[in-house]
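A.B. asks: So you can see what is in the structure, the chains are spelled out below.
2 protein chains.
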Amino acid sequence: MEYFERIKINRILLKDEIPVDSEIILLGWARTVRVSKNVAFIEINDGSCSGNLQAVISNPDQFPSLKNILTGAAIRIKGKLIASPAKGQKYELAVTELDLLGPADETYPLQKKRHSFEFLRDIAHLRMRTNTFGAVNRIRSKIAYAVHKFFQERGFYYLHTPMITTSDAEGAGEVFRVTTFDLKNIPAKEGKIDYNEDFFGVEAFLTVSGQLEAEIGALALGDVYTFGPTFRSENSNTSRHASEFWMIEPEMAFCDLAGNARIATEFIKYLFKYALDECADEMDFFNKWIDKTAIETLEFVIKSEFEHITYTEAIKILEASKEPFEFPVAWGSDIQTEHERYLAEKKFNKPVIITDYPKKIKAFYMRVNDDGKTVGAMDLLVPKIGEIIGGSQREERFDVLKAHMEEKGMDISLYDWYFDLRKYGSAPHSGFGLGFDRLLMYITGMSNIRDTSPFPRVPRWAKF
Amino acid sequence: MEYFERIKINRILLKDEIPVDSEIILLGWARTVRVSKNVAFIEINDGSCSGNLQAVISNPDQFPSLKNILTGAAIRIKGKLIASPAKGQKYELAVTELDLLGPADETYPLQKKRHSFEFLRDIAHLRMRTNTFGAVNRIRSKIAYAVHKFFQERGFYYLHTPMITTSDAEGAGEVFRVTTFDLKNIPAKEGKIDYNEDFFGVEAFLTVSGQLEAEIGALALGDVYTFGPTFRSENSNTSRHASEFWMIEPEMAFCDLAGNARIATEFIKYLFKYALDECADEMDFFNKWIDKTAIETLEFVIKSEFEHITYTEAIKILEASKEPFEFPVAWGSDIQTEHERYLAEKKFNKPVIITDYPKKIKAFYMRVNDDGKTVGAMDLLVPKIGEIIGGSQREERFDVLKAHMEEKGMDISLYDWYFDLRKYGSAPHSGFGLGFDRLLMYITGMSNIRDTSPFPRVPRWAKF
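Chains as they are written, first to last, in my numbering: chain A, 6 to 469; chain B, 6 to 469.
Bound-form chain A, shown alone:
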């Protein structure tokens, strides 16, 4: 074990924990190697942060392994940490031992040059070694932790809702089937597929949302949240759609739409502040190389007092705007991204929470308002992308829920247990959903969801 007792580079460069003159071991990968007769330099990166540490070899002749160390090689270096005389770096390592652990030859795809994101997607098993994807995946981890911190500190319980399900929360039908049938020999009975013979004895699918099960949790534990994978089999090849993505879905008992909006606002500001405070290394990187407004965007949201308007008010504003929208604006139609961006960017120049959408365009579980025409839905819009959070107060009234579902033509016999929640100790409750991979696009400025997810799944792509 001693051989591998290393100091991680983030402790040196970011946390400044290691005093000059310490004898230390570094373990990582060579980013660049420059050898001349009297001196050699190796930039080593160990994945702990964006920065490399420069290792200096003052007597290259003494290190025969040096000639086999090319870009990408895994190496072990022992040496003394010294103040660097070079510009732009505080420390360097004066090397006393150098071992090649795993070579990389000239065919290594990540030679020192810029690579397109398209190219890197094909080699997602190596791209995490680049500056960009190292930073993306580090910040992904830290923001995931911030999600847990936020809810745990507020007394929410983390609930693992099922991946394999027989309920379809959205009623959208864009689901993947899960089966152990031999596809060449599917059992049938009276001319129909006999799902009784399948693994679960019924048709089973991958979940599109944990919300319905989160409602079970909220009406028992009070405040819960989910944070897990969800799936859509939508055949969309856009930069914002993935077939598998992680969703965060808090659900709060005894909480109305105003409370829901308040928690969503606190949550988004908390995450953005966490990104700025705890992920400064990554945010500096994104701000420099990916999106020059990345930091400013988060700061702007944090300091904004969010605007609250109803859908009906939003429609009036859009109608009065005279903007050349592609999609028509009319009460009863969905608000499109272009409309959302107009509201958040031009009209209010801050995040906007729109509430009380028409019942017809929203899901069955949303609480019907007294006007009978709108429901307690809520979308949180931010500049640059529009909707980032969608939520609602849920219908807690048995009869109203039943009538609404029948109106939508749903088979209510499939929702026995969901009705039980309204039959026994029903209570006002609310929640919202935030797509984690899209949230990361917003924070990092990365423009394709295939690049914020480490192993994206999209139509015709499930490699690794």
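No lab work stands behind these hints: they were computed from the structure.
Any given hint might turn out to be false.
A pair counts as met if it fits within one copy or between any two copies, since identical chains are not told apart.
What the hints assert, rightly or not - Restricting the straight-line Cα-Cα distance to at most 20 Å, the calculated cross-link-like pairs of lysine to aspartate or glutamate (DMTMM-like) are:
| hint | residue 1 | residue 2 |
| --- | --- | --- |
| 1 | K428 | D104 |
| 2 | K117 | D425 |
| 3 | K189 | E208 |
| 4 | K92 | E283 |
| 5 | K352 | E331 |
| 6 | K189 | E202 |
| 7 | K154 | E283 |
Nothing here was measured: the structure is a model prediction, and the numbers come from that model.
With the hints as your guide, set chain B onto chain A.
C.D. replies: Relative to chain A, chain B alone:
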């Protein structure tokens, strides 16, 4: 929003944060209601902790809603927190306002009596409201958070490995298929199923492990961990098998088997200590009602210095033991649970880490030892159940990996990217896996995995 501005009961009973004489609002569910002419008592539980708070109504006539409040009803109570004169409780609430939010009638399945776990499994949408399943799901949440805390505090990055995959990490074949094919009309080409027509353009399955992808992460970011759902289509109806379960899989670059064992030991002790320190309410409940040795078991593991032996030594001990084992003991056979329990309970009376198993009975990715016969595998056994953690040092040598996979008859052409990790900057690396639902069985003393998972999936069961 003001109407719902409540104090959660755990702040009163567990954290002692609310001073006597405070005017507060409680929101929760009536557990028991006792009404007499001059006084009424309602035990209210809000899901934040095991305990109920007793609400006292000294003038029942003034509260007409009282007669409609039965066990299970959702209620809102306003009142003054007072020191309780009754035995066994520190506080009670002197009620000034009482609202029925959602009634529950006599058909409510959770009337005040003991219910069998079998009965409660059928109503998993209500069982979280019971003392036992409330405690299980609260501790599940807290231990999940402890998992993140442990790794994040040690500089590990959380990696979301894919659910839908085309790799099969275990080579066991017990996988669920994921498809959007219309099962009545599966496209064929030249007599074979044409997977090119399926959603991903290839055969796709649910993952059995995130390990292979975690190796990608470790060889880029250094130390990573996964914590997500995994799936097995094994047709096992035991108390320890589920078809969907959450797994924790850390993977460390520059880490050998000894380092792996050290981290596994630290991890398990950390989680158990967290259960005792941060989940005292739940642990007291389990220790009283579920398993009278629950707390003692965790304390025992925490204070033990784990025994380290090789598989070969373990076989010798088992052969010499003269125990009447059901399964024969012989070098080359798997060590069964009965053997593991003998070692951890009778022979050593402490947790045992067994290393260096025969190559033939272990997975292709494990590092081949110099003897050519064994691999750098590691199992951590604990008293009562046997193996709780399984891990290994991974094979980092290209040629050895290739030979090993060919020996096992695997199609190495499917593992291009996995070989690339050995071709470019390969490094010693190790990791292990811990099934989260089974870990919770161990911590809580609950004897069936269907009861530590909120929505268990097992053969012929995928409800909710």
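A.B. asks: Is the C-alpha distance from K189 to E202 at most 20 Å within one copy, between copies, in both cases, or in neither?
C.D. replies: both (14 Å within a copy, 15 Å between copies)
A.B. asks: When Cα atoms must be at most 20 Å apart, do K428 and D104 count as within-copy, between-copy, both, or neither?
C.D. replies: Cα proximity of K428 and D104: across copies only (17 Å, versus 69 Å in one copy).
A.B. asks: At most 20 Å between alpha carbons: which applies to K154 and E283, within, between, both or neither?
C.D. replies: This pair counts as both: shortest intra-copy Cα distance 13 Å, inter-copy 15 Å.
A.B. asks: With identical chains treated as interchangeable, where does the CA-CA distance between K92 and E283 reach 20 Å or less: within a copy, between copies, both, or neither?
C.D. replies: For K92 and E283, neither the intra-copy (26 Å) nor the inter-copy (48 Å) Cα distance is at most 20 Å.
A.B. asks: One pair to classify: K189 and E208, alpha carbons no more than 20 Å apart. Within, between, both, or neither?
C.D. replies: Answer is both: 18 Å inside a copy and 14 Å across each meet the 20 Å cutoff.
A.B. asks: Is it within, between, both or neither when you check K117 against D425 at 20 Å Cα-Cα?
C.D. replies: between (61 Å within a copy, 18 Å between copies)
A.B. asks: Tell me, please, which holds for K352 and E331 at an alpha-carbon limit of 20 Å: within, between, both or neither?
C.D. replies: This pair counts as within: shortest intra-copy Cα distance 18 Å, inter-copy 76 Å.
Violated hints amount to a single one, hint 4; each of the other numbered hints is respected by the structure.
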